[in-house]
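The hints should help you fit chain L onto chain P, whose structure is shown.
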Amino acid sequence: QKEVEQNSGPLSVPEGAIASLNCTYSDRGSQSFFWYRQYSGKSPELIMFIYSNGDKEDGRFTAQLNKASQYVSLLIRDSQPSDSATYLCAVNAASNTGKLIFGQGTTLQVKP
Amino acid sequence: DAGVTQSPTHLIKTRGQQVTLRCSPKSGHDTVSWYQQALGQGPQFIFQYYEEEERQRGNFPDRFSGHQFPNYSSELNVNALLLGDSALYLCASRPAGTRLGGYTFGSGTRLTVV
Numbered sequence: 082q083k084e085v086e087q088n089s090g091p092l093s094v095p096e097g098a099i100a101s102l103n104c105t106y107s108d109r110g111s112q113s114f115f116w117y118r119q120y121s122g123k124s125p126e127l128i129m130f131i132y133s134n135g136d137k138e139d140g141r142f143t144a145q146l147n148k149a150s151q152y153v154s155l156l157i158r159d160s161q162p163s164d165s166a167t168y169l170c171a172v173n174a175a176s177n178t179g180k181l182i183f184g185q186g187t188t189l190q191v192k193p
Numbered sequence: 462d463a464g465v466t467q468s469p470t471h472l473i474k475t476r477g478q479q480v481t482l483r484c485s486p487k488s489g490h491d492t493v494s495w496y497q498q499a500l501g502q503g504p505q506f507i508f509q510y511y512e513e514e515e516r517q518r519g520n521f522p523d524r525f526s527g528h529q530f531p532n533y534s535s536e537l538n539v540n541a542l543l544l545g546d547s548a549l550y551l552c553a554s555r556p557a558g559t560r561l562g563g564y565t566f567g568s569g570t571r572l573t574v575v
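Protein chains in written order, with our numbering: chain P, 82 to 193; chain L, 462 to 575.
Hints listed in this document are in silico derivations from the structure and should not be mistaken for laboratory results.
All values derive from a computational prediction rather than experimental measurement.
Be aware that one or more of the hints could be misleading.
Stated by the list, open to error - Residues from chain L shown here face chain P by an in silico Cβ test under 8 Å; the list is partial:
#, residue
1, T492
2, Q502
3, P504
4, F506
5, Q509
6, Q517
7, G519
8, F521
9, L551
10, T565
11, G567
12, S568
13, G569
14, T573
Every residue gets a Cβ at the ideal spot worked out from N, C-alpha and C, and that includes glycine.
Excised from the complex, chain P in its bound form:
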């Protein structure tokens, strides 16, 4: 079992729709969770982080965390073609808060 799992996609949604990206993790002691966006050929850019169970909203983005189910998700409302990128889920290792464990990323395609 991978430590952080994501569906590689591609996930294709029409412009204006809600994109839902999912991530599961194996270490129950993990304390903080991050979503990074990575455009092709570029470096990861932090877009959301969440520490507590529940929802956290920032503009068109909502991160959801369920520690009991070891599940993190990212919702993107009113998706735009500029949102087309790879979305990386990252988890802070419980044993080492300096180490981020990344999933392989989900490729999102927003079609005009």
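Frame of chain P; chain L shown alone:
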């Protein structure tokens, strides 16, 4: 305010050679981590530096070593390069005192080993 800066941007090396990659963290950041990202994969943690010492290390061989300087900048050294070391090498920094905080990534160094 400059973000995390890395040099060089691209590098081509021959198998068996040695390479040094450089990173300057964002202003106010004192913790630096290095990651390796192969094509189509998520970044893999190499090691973390804080107060000029290697604090944590991922599953990478001793061929990978690093250093942090008093001004918080850092170097990643890779000896005896293998074809499999071809990847995007990312430096990431975070502010002092943020134990659970997210990292800001630099633009990366694309290393090709031929």
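- Hint check, L551 of chain L versus chain P [nearest Cβ-Cβ separation less than 8 Å]: holds, 6 Å
- Hint check: 8 Å Cβ-Cβ cutoff, G569 of chain L to chain P: Where the cut-off is 8 Å and the nearest Cβ of chain P is about 5 Å from G569 of chain L, the hint holds.
- Interface hint compliance - S568 of chain L to chain P, C-beta minimum distance less than 8 Å: holds, 5 Å
- Let me know if the C-beta of T573 of chain L comes in closer than 8 Å to any C-beta of chain P, holds or violated. violated, 14 Å
- Message: So, as I understand it, the hint says Q502 of chain L touches chain P; can you test that by seeing if any CB pair is closer than 8 Å?
- Response: holds, 5 Å
- Message: Hint validation: Q509 of chain L versus chain P, beta carbon distance must be below 8 Å. Holds or violated?
- Response: holds, 4 Å
- Message: Quick check on the hint: T565 of chain L CB to chain P CB, less than 8 Å?
- Response: For T565 of chain L, the interface hint holds, since the closest Cβ of chain P sits about 7 Å away, which is under 8 Å.
- Item | Per-residue hint verdict: F506 of chain L, partner chain P, C-beta under 8 Å | It holds, given that the least Cβ distance between F506 of chain L and chain P is near 5 Å, below 8 Å.
- Message: Hint Q517 of chain L vs chain P: min CB-CB distance below 8 Å?
- Response: holds, 5 Å
- Message: Given P504 of chain L as an interface hint, is its Cβ closer than 8 Å to any Cβ of chain P?
- Response: holds, 5 Å
- Item | Restraint satisfaction for T492 of chain L [CB to CB of chain P, less than 8 Å] | holds, 7 Å
- Message: Next item in the hint list is F521 of chain L. Is there a CB on chain P closer than 8 Å to its CB?
- Response: Interface hint status for F521 of chain L: violated (12 Å vs cutoff 8 Å).
When each numbered hint is compared with the structure, violations occur for hints 8 and 14.
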